[in-house]
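A.B. asks: Residue numbers (the numbering used here), protein chains in the order written: chain E, 1 to 458; chain Z, 1 to 458.
Heads up, a few of these hints could be off.
Identical chains blur together in the list; that is why a pair holds if it fits in one copy or across any two.
Unchecked claim - SDA-like cross-link-like pairs, simulated, lysine to any residue; straight-line CA separation at most 20 Å:
1. Lys190 with Asp173
2. Lys318 with Asp97
3. Lys7 with Glu315
4. Lys115 with Ala144
5. Lys318 with Ala429
6. Lys243 with Thr354
7. Lys10 with Ala144
8. Lys47 with Arg28
9. Lys24 with Leu439
10. Lys115 with Glu273
11. Lys208 with Met313
12. Lys190 with Lys384
13. Lys166 with Ala457
14. Lys318 with Cys159
15. Lys318 with Gly160
To be clear, the hints were calculated from the coordinates, so they are not data collected in a lab.
2 protein chains.
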Amino acid sequence: MPRMIDKILKHIDDDHDAALGRLKDLLRIQSVSTDPAFASHCRTAAKWVHDDLASCGLDVTTHETERHPIVVGRYDGAGDGAPRVLFYGHYDVQPPDPIDKWHTPPFEPTVRDVKLYARGASDDKGQVMCFIEALRAWKAIAGAPPVNVTVMIEGEEECGSVSLEKFVPEQKDLLAADIAVVSDTSMWAKGQPAITYALRGLLYFDVKLHGPGRDLHSGVYGGTISNPATELVLVLGRLFDEKHAVTVPGFYDDVLPIDPAERSQWDTLNFDEMKYAASIGMDAVNGEAGFTTLERRWARPSCDVNGIYGGYMGEGAKTVIPSFAGAKVSFRLAANQDPAKIADAFRGWLELQTPPGCRWEITQFGGASPVIVPIDSPWMAPAKRAVEAGCGIAPVLVREGATIPVVAQFKTDLGADTLLIGFGLNDDALHSPNEKFDLDNFLMGCRTHAALLAELAT
Amino acid sequence: MPRMIDKILKHIDDDHDAALGRLKDLLRIQSVSTDPAFASHCRTAAKWVHDDLASCGLDVTTHETERHPIVVGRYDGAGDGAPRVLFYGHYDVQPPDPIDKWHTPPFEPTVRDVKLYARGASDDKGQVMCFIEALRAWKAIAGAPPVNVTVMIEGEEECGSVSLEKFVPEQKDLLAADIAVVSDTSMWAKGQPAITYALRGLLYFDVKLHGPGRDLHSGVYGGTISNPATELVLVLGRLFDEKHAVTVPGFYDDVLPIDPAERSQWDTLNFDEMKYAASIGMDAVNGEAGFTTLERRWARPSCDVNGIYGGYMGEGAKTVIPSFAGAKVSFRLAANQDPAKIADAFRGWLELQTPPGCRWEITQFGGASPVIVPIDSPWMAPAKRAVEAGCGIAPVLVREGATIPVVAQFKTDLGADTLLIGFGLNDDALHSPNEKFDLDNFLMGCRTHAALLAELAT
């Protein structure tokens, strides 16, 4: 007699075409969150998700926010003894521009070569539908999932998750869970699934240096007073030492050393640094001395100038000393670094570097903590088994250099670790024309989440 | 019996109102050179200057260029034994924007408080009319000037003097002179005339650093490859040492030491550094260690970042690693520095600093040599006497931090030193709304140039 999970996986396989049809329905909705002109489409998408979650047997509520609604579905029937899993995803998408670069229209989902092309196919509607289809299959075959489930689908991920940032701490009872699951990351490679167990945090500043009260003639004044553009470059140039390490005092104090077991696990990934560089049109990597590229990306903090501006920025020449110059400076924080502490250290360091006659205008844009789930966490073993059952191959354990702020919120506000199990690929063209989602990965995603529900129940 | 020069000075005094009327006529012509829409006004101004020079007894030719005509007037009647003086000025003006900031319309010259307000009043139409009125007075009283005279008035000074750069070497015979006189600088202070005997040179570059083939996500890639914005800041930060001196090898090799006689002459000017800083809204000066502000401005080379750009430059945050970043970097060159040599040294230094995986795109915009007329030059004594005769007070000898490229051309192409005798003031609002020219200074300028012609004849 086949086990329940085998019947469910077979149902998912048999139902794949219908699942694809449902995903296409969601992808047709132009739920671009950043542009107010598309607000009604976001509302339509929230309604669609609300109804679809309800059809999977969940009690669904739609929560109004200042911008786009947050949809929450709950299943509480597994009893107090069963764990509760919180699935998170988003129904909003990036703008489709430039539209003329798309081979087929962004909101007319089209299958070519076993890939589904549409805005949001991979980020994140396709991945959201993976766990919704898993819930649907459990309802169809077993009547209900084997654990308690909360699903939260927001509509502002692509425009800063501003409403969510307030919603999570306000709705602790509604959202409380033992473990969170986010499906918004990538596999290690086509055919090689991954579980992501750490994300870097983020600090972002605009640092503007003000000098003379007006723009000056660089012949008349050059060399005699602080030129904000020159001085900004001098100050930021001192932000790194000759080893490309950040010089802000205390910056590395709390960074966790890389565990030898992790390091040897990463070695097995056979990451090719030159191929990595070549994939972005470069012939060399570069970073903090003493670490490999994967270590720099996953386990070391970094600092980037994301933008710099001031003075004459047009074609040709203008001999001006600008009255101000500014830069966008961000830090990716490695596990265990505290954004507030690093922000204070950076501000203090900047103030000490104030050039004669100048003053800083420092603006901070949010801050997200890094997160890490220990690789020996009790949640890791069932997750690995689920991926193997869903994909037919064991996952590799990876970290991610980027930031998903809500994951830090789940830890801080709900006390829940997050399993990041994603089915995208690096070439999915997220935020770009011709975004796609591999249909093989879609199926693996539906199967894996179904198996995960079974594993979490044992 | 009064000397000829006294009669001429008296004539200038008596004719001042008529001279003011002529200057107003010229100022009414909207000869904005940078905007093609005003090309016909530039032509009108050239024609006006042509006719006015002819009325002063000169043989005038108007020379077509690719943009605005150059007007040259000559008087050859003083004979081969007499020296030839070349007067230079420009009939074009800066755009009047922002027009709503003007108290009276920019092209309706208006006198208030013994000052004439109009675009070009000081830069340079008012100063051009100083030497034209001097020639007119010599013709009226003596029939002709006492020396041979060439006057060259161009129409592209405010848009780069592109045509003049070719015209001067092509017209060496037409323009050949023993000494050039330029009236496009300022007095040291109201009531204190000055002779400017040195200008700094100029080198201007756009340096663009190219990295990845496209913009990258700073979370995914941060810390692992060269970020052009970060690396540009690091490279340019190394352009200065802790003494604020330029680190390009050989940069200071050819800079002339400051003569003790000059230094003590500058000390008598009682330059107030804090007043200077306060005048531009700052509470400190800053520059190369070991030099005063005047020394830094007049006798030391400087380097400025005139603009910097790259990555995200808008409001708020965007976590991007830009594919390129660039800066406008210029050098003011002190007397005896060679622009070509410094340009090569800077390019070579930049190439040595190329970050891994990056490449430079370096564009140079022109280059002008520094110029210096020795303070014991034989031309200096008659110039000083002329200023004293014209203004009633002896001039101070000053240098200028800015650049007038044509002056270097006069030296290189014609072998002629230049006397810079100007009658503007620092608060004349050149290139700004409400440009003005003090009428006292206008009169002093007419008188001084008339006296200079007399002095050069002796």
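A.B. asks: State for each hint whether it applies.
C.D. replies: Here is what the structure says about each hint:
In the homo-oligomer, the alpha carbons of lysine 190 and aspartate 173 never lie at most 20 Å apart, since the shortest distance is 39 Å inside one protomer and 77 Å across protomers. With identical chains, the CA atoms of lysine 318 and aspartate 97 are at most 20 Å apart between copies only, with a shortest distance of 17 Å across copies and 34 Å within one. Taking the shortest alpha-carbon separations for lysine 7 and glutamate 315, neither the intra-copy value of 66 Å nor the inter-copy value of 53 Å comes in at or below 20 Å. In this assembly of identical chains, the alpha carbons of lysine 115 and alanine 144 never lie at most 20 Å apart, being 31 Å within a copy and 90 Å across copies at closest.
When the C-alpha separation of lysine 318 and alanine 429 is checked against a cutoff of 20 Å, the pair qualifies only between copies, where the shortest distance is 18 Å, while the shortest distance within a copy is 39 Å. Proximity of lysine 243 and threonine 354 under a CA criterion of 20 Å is satisfied inter-copy only: 16 Å between copies versus 24 Å inside one chain copy. Proximity of lysine 10 to alanine 144 under the C-alpha cut-off of 20 Å is restricted to the intra-copy arrangement: shortest distance 17 Å within a copy versus 110 Å between copies. With identical chains, the CA atoms of lysine 47 and arginine 28 are at most 20 Å apart within one copy only, with a shortest distance of 14 Å there and 68 Å across copies.
Taking identical chains as interchangeable, the C-alpha atoms of lysine 24 and leucine 439 lie at most 20 Å apart only when both belong to the same chain, with a minimum of 12 Å there against 79 Å between chains. For a Cα distance limit of 20 Å, the shortest separation of lysine 115 from glutamate 273 qualifies neither inside one copy, at 28 Å, nor across copies, at 70 Å. For a Cα distance limit of 20 Å, the shortest separation of lysine 208 from methionine 313 qualifies both inside one copy, at 16 Å, and across copies, at 12 Å. In the homo-oligomer, the alpha carbons of lysine 190 and lysine 384 lie at most 20 Å apart inside one protomer (17 Å), although the nearest pairing across protomers, at 84 Å, exceeds that limit.
Taking the shortest alpha-carbon separations for lysine 166 and alanine 457, neither the intra-copy value of 31 Å nor the inter-copy value of 86 Å comes in at or below 20 Å. Proximity of lysine 318 to cysteine 159 under the C-alpha cut-off of 20 Å is restricted to the inter-copy arrangement: shortest distance 11 Å between copies versus 37 Å within a copy. In this assembly of identical chains, the alpha carbons of lysine 318 and glycine 160 lie at most 20 Å apart only when taken from different copies (10 Å versus 37 Å within one copy).
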